[in-house]
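> Given these sequences and hints, build the entire structure.
Chain residues, written in single-letter form:
2 protein chains.
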Amino acid sequence: MSSSSFDQQLDALRSQIDEADSELVKLLQKRSSITKQIGQLKSQHALPIYVPEREKALIEARRSEAEAAGVSGDLIEDILRRMMRDSYHSQHAKYACINPQINKVVVVGGAGALGKVFVNLFSQSAYSVSVLEKEDWEHAHLHLKDADLVIIAVPINITCDIIAALPLLKPDCILADVTSIKNAPLQAMLEVHKGPVVGLHPMFGPDAPGMIKQVVVVCQGRGEAQYKWLLEQMQLWGASLYHTNAETHDHAMAYIQVMRHFSTFVYGRHLQQENPQLQELIAFSSPIYRLELAMVGRLFAQAPELYADIIFSNQDSVALLKRFSSRFAQAIELLEKGDKSAFMEQFNQAAEWFGDYAQLCLNDSKKMLLKADDSHLLRQLD
Amino acid sequence: MSSSSFDQQLDALRSQIDEADSELVKLLQKRSSITKQIGQLKSQHALPIYVPEREKALIEARRSEAEAAGVSGDLIEDILRRMMRDSYHSQHAKYACINPQINKVVVVGGAGALGKVFVNLFSQSAYSVSVLEKEDWEHAHLHLKDADLVIIAVPINITCDIIAALPLLKPDCILADVTSIKNAPLQAMLEVHKGPVVGLHPMFGPDAPGMIKQVVVVCQGRGEAQYKWLLEQMQLWGASLYHTNAETHDHAMAYIQVMRHFSTFVYGRHLQQENPQLQELIAFSSPIYRLELAMVGRLFAQAPELYADIIFSNQDSVALLKRFSSRFAQAIELLEKGDKSAFMEQFNQAAEWFGDYAQLCLNDSKKMLLKADDSHLLRQLD
Numbered sequence: 001m002s003s004s005s006f007d008q009q010l011d012a013l014r015s016q017i018d019e020a021d022s023e024l025v026k027l028l029q030k031r032s033s034i035t036k037q038i039g040q041l042k043s044q045h046a047l048p049i050y051v052p053e054r055e056k057a058l059i060e061a062r063r064s065e066a067e068a069a070g071v072s073g074d075l076i077e078d079i080l081r082r083m084m085r086d087s088y089h090s091q092h093a094k095y096a097c098i099n100p101q102i103n104k105v106v107v108v109g110g111a112g113a114l115g116k117v118f119v120n121l122f123s124q125s126a127y128s129v130s131v132l133e134k135e136d137w138e139h140a141h142l143h144l145k146d147a148d149l150v151i152i153a154v155p156i157n158i159t160c161d162i163i164a165a166l167p168l169l170k171p172d173c174i175l176a177d178v179t180s181i182k183n184a185p186l187q188a189m190l191e192v193h194k195g196p197v198v199g200l201h202p203m204f205g206p207d208a209p210g211m212i213k214q215v216v217v218v219c220q221g222r223g224e225a226q227y228k229w230l231l232e233q234m235q236l237w238g239a240s241l242y243h244t245n246a247e248t249h250d251h252a253m254a255y256i257q258v259m260r261h262f263s264t265f266v267y268g269r270h271l272q273q274e275n276p277q278l279q280e281l282i283a284f285s286s287p288i289y290r291l292e293l294a295m296v297g298r299l300f301a302q303a304p305e306l307y308a309d310i311i312f313s314n315q316d317s318v319a320l321l322k323r324f325s326s327r328f329a330q331a332i333e334l335l336e337k338g339d340k341s342a343f344m345e346q347f348n349q350a351a352e353w354f355g356d357y358a359q360l361c362l363n364d365s366k367k368m369l370l371k372a373d374d375s376h377l378l379r380q381l382d
Numbered sequence: 001m002s003s004s005s006f007d008q009q010l011d012a013l014r015s016q017i018d019e020a021d022s023e024l025v026k027l028l029q030k031r032s033s034i035t036k037q038i039g040q041l042k043s044q045h046a047l048p049i050y051v052p053e054r055e056k057a058l059i060e061a062r063r064s065e066a067e068a069a070g071v072s073g074d075l076i077e078d079i080l081r082r083m084m085r086d087s088y089h090s091q092h093a094k095y096a097c098i099n100p101q102i103n104k105v106v107v108v109g110g111a112g113a114l115g116k117v118f119v120n121l122f123s124q125s126a127y128s129v130s131v132l133e134k135e136d137w138e139h140a141h142l143h144l145k146d147a148d149l150v151i152i153a154v155p156i157n158i159t160c161d162i163i164a165a166l167p168l169l170k171p172d173c174i175l176a177d178v179t180s181i182k183n184a185p186l187q188a189m190l191e192v193h194k195g196p197v198v199g200l201h202p203m204f205g206p207d208a209p210g211m212i213k214q215v216v217v218v219c220q221g222r223g224e225a226q227y228k229w230l231l232e233q234m235q236l237w238g239a240s241l242y243h244t245n246a247e248t249h250d251h252a253m254a255y256i257q258v259m260r261h262f263s264t265f266v267y268g269r270h271l272q273q274e275n276p277q278l279q280e281l282i283a284f285s286s287p288i289y290r291l292e293l294a295m296v297g298r299l300f301a302q303a304p305e306l307y308a309d310i311i312f313s314n315q316d317s318v319a320l321l322k323r324f325s326s327r328f329a330q331a332i333e334l335l336e337k338g339d340k341s342a343f344m345e346q347f348n349q350a351a352e353w354f355g356d357y358a359q360l361c362l363n364d365s366k367k368m369l370l371k372a373d374d375s376h377l378l379r380q381l382d
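Protein sequences, first through last, are from chains A and B. Residues 1 to 382 (my numbering) are what the first sequence spells out, left to right. Residues 1 to 382 (my numbering) are what the second sequence spells out, left to right.
These are computed hints drawn from the structure, not numbers from a lab. Any given hint could turn out to be false.
As the list makes no split between identical chains, a pair holds if one copy fits it or if it spans any two.
Claimed, not checked - DSS-like cross-link-like pairs, simulated, lysine-lysine; straight-line CA separation at most 25 Å: (1) Lys340 x Lys134; (2) Lys322 x Lys337; (3) Lys367 x Lys116; (4) Lys367 x Lys56; (5) Lys116 x Lys366; (6) Lys26 x Lys36; (7) Lys145 x Lys134; (8) Lys366 x Lys170; (9) Lys337 x Lys26; (10) Lys145 x Lys94.
Below, the structure written as structure tokens:
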């Protein structure tokens, strides 16, 4: 084949790809107009946008169809899930309002990142919602005196002070907070307010587009019957609720938040002081190491106050970190002695402790890296 | 609207979604048959499958088209990239052969995970490739005496011994290894063989489907002109090459592999000894913490030997880990003293060291989590 006829053939095939991809754009447009109609219909009938059974059935049906046509089942599933993410978040311009008798919702700290998520969701459900920020704090009593629901969404280090300084609320007003520690704020709320109280910890960052498929931890305070509608409203927004008590929650947080942030902080500090060529480290990293490095790097693009507050406010921190530190030193001893077999024995013990979860983590992380790779995430700095 | 008319409306809209999704399956089938033709055409002309400029232009064109049609540009881009991943890996049943004069390639350890990747790629390029495994080691000289290229792909802890025990190779045979340390194997290869020698470190795990878009580190040994075709062949398979020297490479690896594996090992061991309820930790974790936990858990689904070898074989390990350990202890002191401002100052210094990379990590990890969420990755154990 001559080179020019090769070029012609390649160009012709590429034009066919372009045509197919343009058809895809049209198909996405059509699908989106249908899901918007579904969203409207559902919001009129107070039905949740996310219906796990429907999602599962839809995916199963298209997987079989794809495989029968020689198309990868994983490919169609990944594309469908990506389209669904888009439709979940464009479908719900409106959500149904579970409790139309609520006349006034106030989000204290509602201009902050997490506060905004709540403000938007309440607005989308046609609640009358307002924001109280520090500039207006001197008029707090005017904003709060007739509120039916007050949500505290201020930084963790001032949460308890803000709660203690609340003006008198209506006896049937619901008082809730959304801080990542639960015991102290819950106690503070129960003390300052005699009506219904509930502690919430939304298990997602402010980047999460809404509450669909997200977990919200619920710690009962008082008057559950009165705030039941609020839990139902969050479920309608797509949240899964996880009920527990505040002590259990905070104890787990020491392992999750404090340990990880502190270790990551030290690791970043260590790199800075060792001062290797960052550019070279990245170049020499396989995708999984780039992911590990990214998990360190991401900390340092965020506000130090937030992390300082989380680490310094948890009572269990110091003792827990000291135990970690002495285990680290013990492991170095193994290495110095060249005791590979003890290392492997301890490795196996930890593997046993993780059980099936370890394999699940391995599988999930592999799939994540493939997805990251599709989108050129975790690549080198250009 | 009556409830039954609502059900009818919802069913009708859902049928429309199903129809649109079936159209999508057909579109994927059509696209795949076109990309297969492109793959064949390219392999006949020894052209690379992955052409960054074409990919970029294609995505830009469809993004504009989508946005003009009210469809999210990110949505179409994500779907196109996912389709391209699929087509890269189904397109290349065959790759062109850069050097048809090579009569025999032998991969020592070619039955192992990484070895297999090379065996497959050489086969797909029509090289005659064979595998030498430990069962056949006693006949090594028969397998290797007429080889034109020998690739050592055995576990890291036996790499140098295997190299030292190699039988005499043809003077023009190329000897290469693919171990994750480079200095010792390269020295061993230069000693045992007087012909062309090159050290390679493929920066991807054995799960990577082929070499497309992956980085391979190249450490020159001797006779570059003679192994140049091998580098070109890897580029045709889609690899990006990164040239460096073995010492620089190994030094960086101490930071990347040893530090991360060792810390992760200690963290897993720490959790095992603290023995919190794993199920509860997972339930209480937001997506980003689940990702952090998954990066720990995944280690323990893998072979302890591999990690023991990596950690125990790097000479820089002990001193580096001791410096980390003492920095960890210093940070605990800050916490005990309640010195939040020193913590924040050090945080800011590390942030400065990471520079723009921190923000990039934050952005990438956010996007990754959205993708993980689409596919229900990193969710709780059911």
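> Next step is simple, just say for each hint if it's right about the structure.
Results of checking the hints against the structure:
no., hint, verdict
1, Lys340 x Lys134, "between (57 Å within a copy, 23 Å between copies)"
2, Lys322 x Lys337, "both (23 Å within a copy, 14 Å between copies)"
3, Lys367 x Lys116, "between (32 Å within a copy, 20 Å between copies)"
4, Lys367 x Lys56, "both (19 Å within a copy, 24 Å between copies)"
5, Lys116 x Lys366, "between (34 Å within a copy, 18 Å between copies)"
6, Lys26 x Lys36, "both (16 Å within a copy, 24 Å between copies)"
7, Lys145 x Lys134, "within (17 Å within a copy, 80 Å between copies)"
8, Lys366 x Lys170, "neither (52 Å within a copy, 40 Å between copies)"
9, Lys337 x Lys26, "neither (65 Å within a copy, 62 Å between copies)"
10, Lys145 x Lys94, "neither (28 Å within a copy, 74 Å between copies)"
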